[in-house]
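*Asks:* Sequence:
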Amino acid sequence: MNSVEALTPVGRETVQDRVYGQLRQTLINGGFAAGDPLRIVDLAERLQTSTMPVREALGRLVSEQALEAMPNRTVRVPLITRQRLDDLERARVLIEGRLVQLALPNLSAEDIAILKQVNHDCDHAFEEHGQDIGPVTSQFNQRFHFHIYRAAGSHVLIPIVESLWLQSGPVVRAAAQIHDEQGGLAATDHHWAMIEAIEKGDAETAMQALANDIGRSFDLVRARLASGEEAA
Numbered sequence: 002m003n004s005v006e007a008l009t010p011v012g013r014e015t016v017q018d019r020v021y022g023q024l025r026q027t028l029i030n031g032g033f034a035a036g037d038p039l040r041i042v043d044l045a046e047r048l049q050t051s052t053m054p055v056r057e058a059l060g061r062l063v064s065e066q067a068l069e070a071m072p073n074r075t076v077r078v079p080l081i082t083r084q085r086l087d088d089l090e091r092a093r094v095l096i097e098g099r100l101v102q103l104a105l106p107n108l109s110a111e112d113i114a115i116l117k118q119v120n121h122d123c124d125h126a127f128e129e130h131g132q133d134i135g136p137v138t139s140q141f142n143q144r145f146h147f148h149i150y151r152a153a154g155s156h157v158l159i160p161i162v163e164s165l166w167l168q169s170g171p172v173v174r175a176a177a178q179i180h181d182e183q184g185g186l187a188a189t190d191h192h193w194a195m196i197e198a199i200e201k202g203d204a205e206t207a208m209q210a211l212a213n214d215i216g217r218s219f220d221l222v223r224a225r226l227a228s229g230e231e232a233a
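Mapped onto the numbering used here, the consecutive letters of the sequence shown carry residue numbers 2 to 233.
Keep in mind that the hints were calculated from the coordinates and are not lab data.
Fair warning: there could be bad hints in the mix.
[Claimed, not checked] Label pairs and their computed distance ranges (CB to CB):
(1) Gly22 with Ala114: 24 to 30 Å
(2) Thr75 with Ile113: 26 to 32 Å
(3) Leu80 with Val42: 20 to 26 Å
(4) Gln84 with Leu158: 22 to 28 Å
(5) Thr75 with Pro160: 36 to 42 Å
(6) Gly22 with Ser109: 27 to 33 Å
[Unchecked claim] Pairs of lysine to aspartate or glutamate residues, derived as EDC-like cross-links and limited to a Cα-Cα distance of at most 16 Å, are as follows:
(7) Lys117 with Glu197
(8) Lys117 with Glu200
(9) Lys201 with Glu111
(10) Lys117 with Asp190
(11) Lys201 with Asp112
Quick reminder that beta carbons are idealized off the backbone N, C-alpha and C, glycines included.
Turn these sequences into a full structure, and let the hints steer you where they fit.
*Replies:* Written as structure tokens, this is what we have:
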């Protein structure tokens with residue numbers, strides 16, 4: 002086989018990447034609930050594409066543990082269990098905390114201004130539209146955190162965190178629904194605490210604010226599980 006024969010059509014790869022990207026971002030933003038079945042034909046119709054790129058995208062997401070394959074050849078969003086909650090929270094606090102620590106010396110006044118603006122935009126979104134805007138605020142939340150994480154300059158840790166966020170999407174969705182029912186702290190409270198600590202160069206306080214931010218969502222779902230309700 003010569004070098005030309007080894008090439009594959011670019012268009013086909015582009016469609017696959019786009020389908021994967023959309024499904025991936027929807028999962029991160031909490032667009033799917035725990036236990037939701039994802040049917041290839043339905044997704045292909047929604048995305049206006051053939052079934053092949055959808056099937057391959059779902060396969061990739063299964064390999065990343067964001068989805069799980071069932072015995073009947075269907076795919077679903079994993080159920081939320083206490084063990085999964087604890088494992089995901091522990092990993093996120095550990096790895097994301099380290100990224101905050103690494104990023105702090107590299108965050109400039111301009112970076113802090115960007116973080117503040119993202120928080121203001123998120124607060125404004127809540128004021129304009131109320132609580133039921135999970136996908137919108139999820140994007141603000143992702144923008145806030147990853148602006149910090151990228152400043153750490155770690156090409157190894159960032160993909161790990163992206164995978165953890167991918168797996169945490171259903172938890173964040175469930176937590177947002179519970180928060181809407183119960184009320185409580187605003188979504189950006191711990192973000193403001195992180196910004197204040199970053200401005201002071203206080204890595205320990207910034208890492209604790211991050212742990213509090215991550216833990217709040219997990220604690221809401223954990224309490225609901227403890228009450229005997231299934232998160233799915």
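*Asks:* The structure should be examined with respect to each hint, and the outcome stated for every one.
*Replies:* Tested hints:
1. The hinted window of 24 to 30 Å between Gly22 and Ala114 holds, with their beta carbons roughly 29 Å apart.
2. Between Thr75 and Ile113 the C-beta distance comes to about 46 Å, which lies outside the given range of 26 to 32 Å.
3. For Leu80 and Val42, the Cβ-Cβ distance of about 23 Å falls inside the hinted range of 20 to 26 Å, so the restraint holds.
4. Roughly 24 Å separates the CB atoms of Gln84 and Leu158, a value that falls within the hinted 22 to 28 Å.
5. At about 28 Å, the beta-carbon gap between Thr75 and Pro160 misses the expected band of 36 to 42 Å.
6. Taken as a hint, the range 27 to 33 Å holds for the pair Gly22 and Ser109, whose Cβ atoms sit roughly 30 Å apart.
7. Proposed proximity of Lys117 and Glu197 is supported: the alpha carbons are some 10 Å apart, at most 16 Å.
8. Of the pairs offered as hints, the one joining Lys117 and Glu200 holds, with about 11 Å between alpha carbons and a cut-off of 16 Å not exceeded.
9. Between Lys201 and Glu111 the CA atoms are separated by roughly 15 Å; this keeps the pair inside 16 Å, and the hint holds.
10. At roughly 12 Å between alpha-carbon atoms, Lys117 and Asp190 fall within 16 Å of each other, so this suggested pair holds.
11. Proximity of Lys201 to Asp112 is assessed by CA-CA distance (about 14 Å); at most 16 Å being required, the pair is judged to hold.
Checked against the numbered hints given earlier, the structure breaks hints 2, 5 and satisfies all the rest.
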